[in-house]
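Visitor: The primary structure of each chain is shown beneath.
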Amino acid sequence: MTIGLNEFLIVSGLLFTIGFVGLLIRRNTLILFMCLEIMLNGVNLALISFSRFNGTMDGNLLVFFIITVAAAEVAVGLAIIVALFRKRETVFVDELNSLKN
Amino acid sequence: MNWESYKSIADTNLWSAILPEFVLVILALSLLLLDMFGGSKGRGLVGRVTMLGLLVLFVLSLTVLRDNLGYINQTTFSGMLLHSDFGQIMRLFFLASSLLTAYLGSVFLKKQGLPGTEFYAITLLVTASLMLLSQSNNFVLLFVALETVTIGFYVLVSYNRDRSNSLEAGLKYLIMGGFSTAILLMGIVLLYGIGSSPVLEGATAHSLNFSELRNFLELNSDNLIAKVGVLLVVAGVAFKIGSVPFQIWIPDVYQGAPTPVTAALAVSSKAGGFAVLIALVSGPFKPMADLLIPVLSVMAIVTILFGNIAALTQQNVKRLIGLSGVSHAGYLLMGVVAMFTVPSAQNAIVFYLITYLLASYAVFGVMAHVSKRGQDDAQNLGDYQDMLKESPFLAGVLVLGLASLAGIPPLAGFIGKLLLFYVAFEAELYTMLAVAIVGVVISIYYYFGWIKEATFRIWKLPLLEGEEPEEPREWPEVSRTARLTLGGLALLALLLGLYQGPLSSLIG
Numbered sequence: 001m002t003i004g005l006n007e008f009l010i011v012s013g014l015l016f017t018i019g020f021v022g023l024l025i026r027r028n029t030l031i032l033f034m035c036l037e038i039m040l041n042g043v044n045l046a047l048i049s050f051s052r053f054n055g056t057m058d059g060n061l062l063v064f065f066i067i068t069v070a071a072a073e074v075a076v077g078l079a080i081i082v083a084l085f086r087k088r089e090t091v092f093v094d095e096l097n098s099l100k101n
Numbered sequence: 102m103n104w105e106s107y108k109s110i111a112d113t114n115l116w117s118a119i120l121p122e123f124v125l126v127i128l129a130l131s132l133l134l135l136d137m138f139g140g141s142k143g144r145g146l147v148g149r150v151t152m153l154g155l156l157v158l159f160v161l162s163l164t165v166l167r168d169n170l171g172y173i174n175q176t177t178f179s180g181m182l183l184h185s186d187f188g189q190i191m192r193l194f195f196l197a198s199s200l201l202t203a204y205l206g207s208v209f210l211k212k213q214g215l216p217g218t219e220f221y222a223i224t225l226l227v228t229a230s231l232m233l234l235s236q237s238n239n240f241v242l243l244f245v246a247l248e249t250v251t252i253g254f255y256v257l258v259s260y261n262r263d264r265s266n267s268l269e270a271g272l273k274y275l276i277m278g279g280f281s282t283a284i285l286l287m288g289i290v291l292l293y294g295i296g297s298s299p300v301l302e303g304a305t306a307h308s309l310n311f312s313e314l315r316n317f318l319e320l321n322s323d324n325l326i327a328k329v330g331v332l333l334v335v336a337g338v339a340f341k342i343g344s345v346p347f348q349i350w351i352p353d354v355y356q357g358a359p360t361p362v363t364a365a366l367a368v369s370s371k372a373g374g375f376a377v378l379i380a381l382v383s384g385p386f387k388p389m390a391d392l393l394i395p396v397l398s399v400m401a402i403v404t405i406l407f408g409n410i411a412a413l414t415q416q417n418v419k420r421l422i423g424l425s426g427v428s429h430a431g432y433l434l435m436g437v438v439a440m441f442t443v444p445s446a447q448n449a450i451v452f453y454l455i456t457y458l459l460a461s462y463a464v465f466g467v468m469a470h471v472s473k474r475g476q477d478d479a480q481n482l483g484d485y486q487d488m489l490k491e492s493p494f495l496a497g498v499l500v501l502g503l504a505s506l507a508g509i510p511p512l513a514g515f516i517g518k519l520l521l522f523y524v525a526f527e528a529e530l531y532t533m534l535a536v537a538i539v540g541v542v543i544s545i546y547y548y549f550g551w552i553k554e555a556t557f558r559i560w561k562l563p564l565l566e567g568e569e570p571e572e573p574r575e576w577p578e579v580s581r582t583a584r585l586t587l588g589g590l591a592l593l594a595l596l597l598g599l600y601q602g603p604l605s606s607l608i609g
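Residue numbers (our numbering), protein chains in the order written: chain A, 1 to 101; chain B, 102 to 609.
Worth flagging that the hints you see were computed from the coordinates, not collected in a lab.
Any given hint could be a false lead.
Computed cross-link-like contacts, DSBU-like style, restricted to lysine-lysine with a CA-CA straight-line distance of at most 30 Å [unchecked claim]:
no., chain 1, residue 1, chain 2, residue 2
1, A, 87, B, 212
2, A, 87, B, 211
3, A, 100, B, 142
4, B, 490, B, 553
5, B, 387, B, 212
6, B, 211, A, 100
7, B, 561, A, 100
8, B, 553, A, 100
9, B, 387, B, 473
10, B, 490, B, 473
11, B, 490, B, 387
12, B, 473, A, 100
13, A, 87, B, 561
14, B, 211, B, 473
Using C-beta positions, here's what the derived DEER-type ranges look like [claimed, not checked]:
no., chain 1, residue 1, chain 2, residue 2, range
15, A, 17, B, 493, 52 to 62 Å
16, B, 557, A, 13, 14 to 24 Å
17, B, 473, A, 94, 41 to 51 Å
18, A, 78, B, 564, 49 to 59 Å
19, A, 78, B, 216, 52 to 62 Å
Note that the structure is predicted; figures quoted are calculated from it, not measured.
The beta carbon of each residue, even a glycine, is placed where N, CA and C say it ideally should be.
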């Protein structure tokens, strides 16, 4: 059996879905963060495989930008989570509910 | 690739075409240097340098750089940027918006005792990316510029890091923002993949480029994957403009963010989303009209109704203004739908955004002044009691700003709504128009609830014997700069309703 574009896309779709569902059902901010990264990596895999099988370079280029942006997002995000943990001593979104009408 | 082809690509890198953005980035970096080496004196200058730089740049863009050194309707940087008249107007819009944000920041940060340099530097960087965003002609640049804006806002929202409210808002914005980024990216990937697929007619090696993608979509407008891709991209952008069903972050984030940042979120970020949406709808997604018109129509109707109805019960002014902003996004979406059939609707949208900027900054300016020193800012409707008696100037600005947001004639907001409704009528969107008018009627209720709180005297029980009178609330001194800025904004909101002369080219 040869592995073609479809197999890659299925894996990437699975990664994206795992991240998506995880984001909806998990309550720990660190896990939520991981889910975001999984979604982005699903996107990256799809980009690379499209790029490889369609013979265009633009996708590879975009992947570098996505990785950079994801790194920046994590840097800011973890800083916020740490600062918030010092204030509230919790990482669960259910307990982060002080903003209300 | 050989030497010649590298050279031909490098020849399109015309840095003078993005001079304002370039200057903004340099300014942002030199602010950091000023903070580092300038001592306490330099640190005190940072805010003024920022505002001066933005003001000079705004005036230059309005006069000398009006036609962007002749680059209008040209593409530069290998097709990454397209310099259009619309892009020029949005550049001016974002410069004005961040000038006002920087001013509100200087008022607010001093009151709360927060350090300023990072705030100004990030505001400038966000502005530069917003300006690039409104001129982007390629999904790579669109993504990078949009993310620079979003990540900048993550930091700004959680700027008040001693208060857990601000941090909580930052975390919520971060998670929802990351979510929308992933959705937007999945859309881009699907469009890229299907656009470069060699088995389809019109496939192109550069399917991330807007004009090439448009050519492809014209030939393949009923392709399922392309449709899903377009919908996902629109969903990602809908998060930025805060339209239903991607509006859930708005009340919490608006409430927790520092007031100047809330203003920037409400005006710049929303306008940035609309700049992208307009560029997409008038460019690559135009062939998908059959798919997008019903989707955007439903989104607009639900957004208008949700925003207005949810704002009715709010007691917190930031949540109220956030949810009313959701309904404004709905009216603007109506204009975007009208753009498919009436291209001049774009001008109505831009005019509406300008009136929205004037009125919003007037209201947020009052909010930044009313906030108490070193405390949680005054966010409840009750905090505005007796405002007319104690601080008539601020109350006047607030009333004008809110009335313009509500669309009361003869203020600018009324003309903005009139133009939007007119183009919707021309595009025969009668259902949406009816919903929008109902929405406006509902909105008057909560805007006037706020005005009533600020202007009408509340009758209090006479004091019983031995009862201590309530400690009177401290009202802020309004400096001369504040009078000039806020008064100017309120005056413009009034004048623009009576006379649209300088902007008549926009109205068409």
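Visitor: All hints are to be evaluated individually against the structure, with a verdict given for each.
Guide: A quick look at each hint next to the structure:
1. Restraint check: the Cα-Cα separation between residue 87 of chain A and residue 212 of chain B comes to about 22 Å, which is no more than 30 Å; the hinted pair holds.
2. Our distance criterion of 30 Å between C-alpha atoms is met by residue 87 of chain A and residue 211 of chain B, whose separation comes to about 23 Å.
3. Restraint check for residue 100 of chain A and residue 142 of chain B: not satisfied, since their Cα atoms lie roughly 40 Å apart, outside the 30 Å limit.
4. About 13 Å separates the Cα atoms of residue 490 of chain B and residue 553 of chain B, which keeps this hinted pair within 30 Å; it holds.
5. For the hint linking residue 387 of chain B to residue 212 of chain B, the alpha-carbon distance of about 48 Å lies beyond 30 Å, and the restraint is violated.
6. With a CA separation close to 26 Å, the supplied pair residue 211 of chain B and residue 100 of chain A stays within the 30 Å bound.
7. The straight-line distance between the Cα atoms of residue 561 of chain B and residue 100 of chain A is roughly 28 Å, inside the 30 Å bound, and the hint therefore holds.
8. For the proposed pair residue 553 of chain B and residue 100 of chain A, the alpha carbon gap of about 23 Å is at most 30 Å, so the pair holds.
9. For the proposed pair residue 387 of chain B and residue 473 of chain B, the alpha carbon gap of about 49 Å is over 30 Å, so the pair is violated.
10. In summary, the hint linking residue 490 of chain B to residue 473 of chain B is supported, as the alpha carbons are separated by about 18 Å, within the 30 Å threshold.
11. Distance check on the hinted pair: residue 490 of chain B and residue 387 of chain B sit about 53 Å apart at the alpha-carbon level, beyond 30 Å; violated.
12. For the proposed pair residue 473 of chain B and residue 100 of chain A, the alpha carbon gap of about 20 Å is at most 30 Å, so the pair holds.
13. For the hint pairing residue 87 of chain A with residue 561 of chain B, the CA-to-CA distance comes to about 39 Å; that exceeds 30 Å, so the pair is violated.
14. With a C-alpha separation of about 11 Å, the suggested pair residue 211 of chain B and residue 473 of chain B falls inside the 30 Å cut-off, and the hint holds.
15. Taking 52 to 62 Å as the suggested C-beta distance range, the pair residue 17 of chain A and residue 493 of chain B conforms, at roughly 58 Å.
16. The given range of 14 to 24 Å is broken by residue 557 of chain B and residue 13 of chain A, whose C-beta atoms sit roughly 58 Å from each other.
17. Restraint check, residue 473 of chain B to residue 94 of chain A: a C-beta distance of roughly 31 Å breaks the suggested window 41 to 51 Å.
18. In this structure the hint that residue 78 of chain A and residue 564 of chain B lie 49 to 59 Å apart at CB holds, the actual value being about 54 Å.
19. In this structure the supplied range 52 to 62 Å is violated for residue 78 of chain A paired with residue 216 of chain B, their Cβ-Cβ distance being about 21 Å.
Consistency with the previously given hints fails for numbers 3, 5, 9, 11, 13, 16, 17 and 19, ordered from lowest to highest.
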